[in-house]
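Protein chains in written order, with the working numbering: chain A, 1 to 566; chain B, 1 to 566.
Simulated from the structure, these hints should not be mistaken for lab results.
Mixed in with the good hints there might be a few duds.
Computed footprint of chain A on chain B; a stretch qualifies when at least three of its residues, placed anywhere within it, have a C-beta under 8 Å from a C-beta of chain A [unchecked claim]:
| id | segment |
| --- | --- |
| 1 | 106-112 |
| 2 | 283-291 |
| 3 | 378-388 |
| 4 | 434-442 |
| 5 | 498-509 |
Cross-link-like lysine-lysine pairs, in silico, DSSO-like; alpha carbons within 27 Å at most [stated by the list, open to error]:
| id | chain 1 | residue 1 | chain 2 | residue 2 |
| --- | --- | --- | --- | --- |
| 6 | B | LYS317 | B | LYS544 |
| 7 | A | LYS405 | B | LYS544 |
| 8 | B | LYS317 | A | LYS405 |
| 9 | A | LYS544 | A | LYS317 |
| 10 | B | LYS544 | A | LYS317 |
| 11 | A | LYS544 | B | LYS398 |
| 12 | A | LYS398 | B | LYS317 |
| 13 | A | LYS544 | B | LYS544 |
Note that this is a predicted model, so its numbers are computed, not measured.
Ideal Cβ placement from N, Cα and C applies to all residues, glycine included.
There are 2 protein chains.
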Amino acid sequence: MHPGSVGSSRQGRTSKGVDCARGDSRLAVGRPCASALLGPDRFAGSFFPFREVVQERLYLDNIAIYHRHIAPRVSGRREKRLEVVRSVDPRRAEEFGPELSEISTVEVGDVVARSRVAGDLIGRLGPVVVADGLRRAADALDAESATLAELADDEVALGVPRLLGEIARTTGQLRLFAGLVARGEHLGVTTSDLPAGAPGGSLRKVNIPLGVVVVFAASNFPFAFSVAGGDTASALAAGNPVIVKAHYGHPQTSQRVAELVTEALVAAGLPADSLQVVHGGERVGLELVRHPDVAAVGFTGSTAGGRALTDVAASRKIPIPVYAEQGSVNPMVIAPSAITACAPGEARQLAESVLSGHGQFCTKPGVVFVPDDAADEFVALLRGEMAQAVDMHLLTTKIHEQFRKAVAALGRHPDVEVWAGETSGAGLSAPGVVAVADVDTYLAVPDLRAEIFGPATVVIRVRDSADLVRALDAVEGNLTATVHGDAGDRWLALAIERLVRRVGRIVYGGVPTGVAVDRAMHHGGPYPASSWSLYTSVGDDAIKRFMRPIVYQDFPDTLLPEALRA
Amino acid sequence: MHPGSVGSSRQGRTSKGVDCARGDSRLAVGRPCASALLGPDRFAGSFFPFREVVQERLYLDNIAIYHRHIAPRVSGRREKRLEVVRSVDPRRAEEFGPELSEISTVEVGDVVARSRVAGDLIGRLGPVVVADGLRRAADALDAESATLAELADDEVALGVPRLLGEIARTTGQLRLFAGLVARGEHLGVTTSDLPAGAPGGSLRKVNIPLGVVVVFAASNFPFAFSVAGGDTASALAAGNPVIVKAHYGHPQTSQRVAELVTEALVAAGLPADSLQVVHGGERVGLELVRHPDVAAVGFTGSTAGGRALTDVAASRKIPIPVYAEQGSVNPMVIAPSAITACAPGEARQLAESVLSGHGQFCTKPGVVFVPDDAADEFVALLRGEMAQAVDMHLLTTKIHEQFRKAVAALGRHPDVEVWAGETSGAGLSAPGVVAVADVDTYLAVPDLRAEIFGPATVVIRVRDSADLVRALDAVEGNLTATVHGDAGDRWLALAIERLVRRVGRIVYGGVPTGVAVDRAMHHGGPYPASSWSLYTSVGDDAIKRFMRPIVYQDFPDTLLPEALRA
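Here chain A stands alone, though its shape is the one from the complex (with noise of 0.2 Å):
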């Protein structure tokens, strides 16, 4: 732990008190960036501790995986030219704690029939032990939460209370699944009895799981969308083993989720290989998604990474789904009626998301339309409120590279105008950036338009409706939009419009960060936003992602599974 630097960054600024009287609730201004992020998580308060360890239950043999492959890595001895994983504190940008190797092409194969054997035993044993096994793994990780989010702390740099909001809301995904499972709703039986004669006679409708899942870490969330994330849980939950490759910015955090996950999941009868976390770069990935037991891809990157898996998935024999959720620049409109009535708190509230997660979230706002002759003193308001964020530090040096190199190139752009805070300068450090620009400049500069995964945003001046327009039609598929302004605002209808038909999420008045784990959520959008714009990776109906539908045609009671019997 470093002393000192727990916590966000944005913690503790003080609130200049500029929030706005206004009939909607969108200007929640001055709730600390943790909140802001994952909000009173309605999952939280249930740390239930690490309850009894049914003994005779533990599948033994199999806990022996860990002791023999991951211990003797930890051990340093590794295979002959593999690469070596090791964490890196953001905040001195120095290498720590033990050396962990990627598997090899072998152990690869040996990896993926481990995981074949499990789910065929997570079939026999069956949804109320899957839902068991989730419960178990939620308890687990409530119970280390405290521990587990300083361990994160020293690898992301995203602060402890961020990353315990970020536990719970892990927690509560793993709970969801587990009572979705455990009601049946996953299964989405449906019957059809059809006139005598008529073929088809009865119908039994079911959903099963797809087979092996393979699920790639993010960055950006050690937990929610990691090792026992959103990912993992929907699979899992529908019945699927699950292979995570972990994410080498935080491995150390992956290796002890792992371990407490999968305690709890054999403690529940559930094999160990149901879940197995590997180490490892592209080779890694690339033959994880090649194996022809492989079924499905769950990944959170991205849109190179995610387009690289997508495309070898598709070029496969039998090609399989890759569902990846990949760069969103989560356009904002601020409409006239808008910022006439509040620019400050259109500021803060908008410094304030772009700075949640140190700007590396997937639904950050990375542009923000907003009217000509407004847009000095916004861009003037929004720089003083992201100049108050000093000590930021990005997930990895990849990252902080690339985020140096895209406000560099900005930069260069003679007519963008480009701010930048301050920064502590140590480590992997990075200042809050406003880059600024006519609607023009916006269509002939692609910079502008592509994700800077950092804290980061773009503000383009637009001098009309029309002007709007052009711009909004430049815009490619996002997770999610942004609009504000009064319901008779000419802006506010246009952007709707336009809008909708780009993203799976549009907002009035709030802010896109704060993805609620909820059945009403949709989380993806059009390309590249998503792979498939049709599924969601947060919320109930993430399940369906990992399931497929079978019919039983005039199948006598005895012969059907238990969930289609009368």
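Assemble the complex: chain A is given as a structure, and chain B must be docked to it using the hints.
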């Protein structure tokens, strides 16, 4: 029309009275081919006359597309070097009727552009108008069903009774989706009001159309999987404009259906470009799938054809989904208990299923696993049944050629015993074919495991349950599997366990042909049966392929789309 050749080739053959009394209902012997195919369709009997065309609602300008784009081709005036499509009479292997030109590259762009405009209009008109259009289309097809069936019979030689049944199925589908849309079920509205202060306080989720959908019509169902078939009906119902690439096997039927449906849609107030039908070969198909404004593709045809489109769609800058219903062998296992009880009944119902649609069904049982010791008797019975079909003609010259080649290839394998029935010898005639081999040969000869499109089936002699498992483990993804046997039969349990993993529908004691249009249906399966095993191309859920969710977060009621207002 060819007097004397209308009707199914199986019509009028005598029932031999081999019905075996059994507790289950699987031996529906002696029913004519058309009903074995489509069954007493639950939508039949709704032959409404084509009602008033409300003149003032006609989009006369749009109707002109037919005169601009289709009429010139019909009259023989074509662009240089464009291919010509012309009907072929399968009973004589002779061309007849007008020459239709494939569309040029420029026209592809034109058609897609028009489709986009139509899509915007459909969105503004809303689901009530769409439902009305679908119902009117159904009425129009029913009103002209006799003429349509005769026209189609000239092109596909499937017999008027079967084609009348198929039209009823088609109009039933149109009405089913009309009802679904009128009730708003397709919108999947899901709402949540989360605790105050939480992110996403109010979430309103609704499905919206994907955009321009391209449908590749099938050869084997000139109505139900063609211009106004399931893909078109579900895509239109979802609110998407549709472009159908007509199948060259029945161009005139496609033209006439397009005219009737367009008139009906226009009468309902929908734009004429809601549905556009084009002719052409591979170039036209690929240009459509590559077009940046195309959002999704429906396809019914061969695995090679589906894969070509899927590969192109996956390689686009913005990949799009291709819902391809491809090849399927539809394995059937007749366990010892079933064949002992009633070999003649088993043989008869298998023959009927194999010969349905002259063996050109995607659900044709193409391989049958039978106990070795009963195989001789069973094969003799099966040949006896198959021998009665002597007047079968295949759909197209290409299909005819491929069938001949596939059968000849089997005949060249020394360990495969091939029997073929008689044919009329005229046109694209084809005999019933039964190939017999043991499990070792099945595993060694890929030709035995491949789909043969036409009236052929492969009988595999299985020595014991270990032999059965070896064979079934070599089975690829299929639309269906069928199992016959008593509940206590070990073969049955093994077959179900093995086949469930490989199919989208498993039938007990019946035949896989005859796909009910129902909410509990799933017509899809693991690759290569379909490109995405999660989706069905038959039944209510088919509409899910052509919509994506979007969430409105914290929107005031007045700004929400109508379906989401309080």
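8 Å C-beta criterion, at least three residues: is the segment 378-388 of chain B covered by chain A: Violated - the segment 378-388 of chain B has 0 residues with a Cβ nearer than 8 Å to chain A, which falls short of three.
Assertion that chain A covers the segment 283-291 of chain B - criterion: three or more residues, beta-carbon distance below 8 Å: violated (count 0)
Straight-line alpha-carbon gap B/LYS317 to B/LYS544, limit 27 Å: holds (24 Å)
Hinted pair A/LYS398 and B/LYS317, Cα distance within 27 Å: holds (25 Å)
B/LYS544 paired with A/LYS317 [C-alpha distance capped at 27 Å]: Between B/LYS544 and A/LYS317 the Cα gap is close to 26 Å, so the pair holds against 27 Å.
Straight-line alpha-carbon gap A/LYS544 to B/LYS398, limit 27 Å: violated (40 Å)
Given hint A/LYS405 paired with B/LYS317 - CA-CA distance at most 27 Å: Holds, at about 25 Å.
Satisfaction of hint between B/LYS544 and A/LYS405, Cα-Cα up to 27 Å: Violated: A/LYS405 and B/LYS544 sit about 42 Å apart, past 27 Å.
Verdict on chain A covering the segment 498-509 of chain B, where coverage means 3 or more residues with a C-beta closer than 8 Å: holds (count 8)
Whether chain A covers the segment 106-112 of chain B (at least 3 residues having a Cβ closer than 8 Å to its Cβ atoms): violated (count 0)
Satisfaction of hint between A/LYS317 and A/LYS544, Cα-Cα up to 27 Å: holds (24 Å)
Agreement of A/LYS544 and B/LYS544 with the hint, judged by alpha carbon distance not exceeding 27 Å: holds (12 Å)
Violated hints, in rising order: 1, 2, 3, 4, 7 and 11; the structure is consistent with all others.
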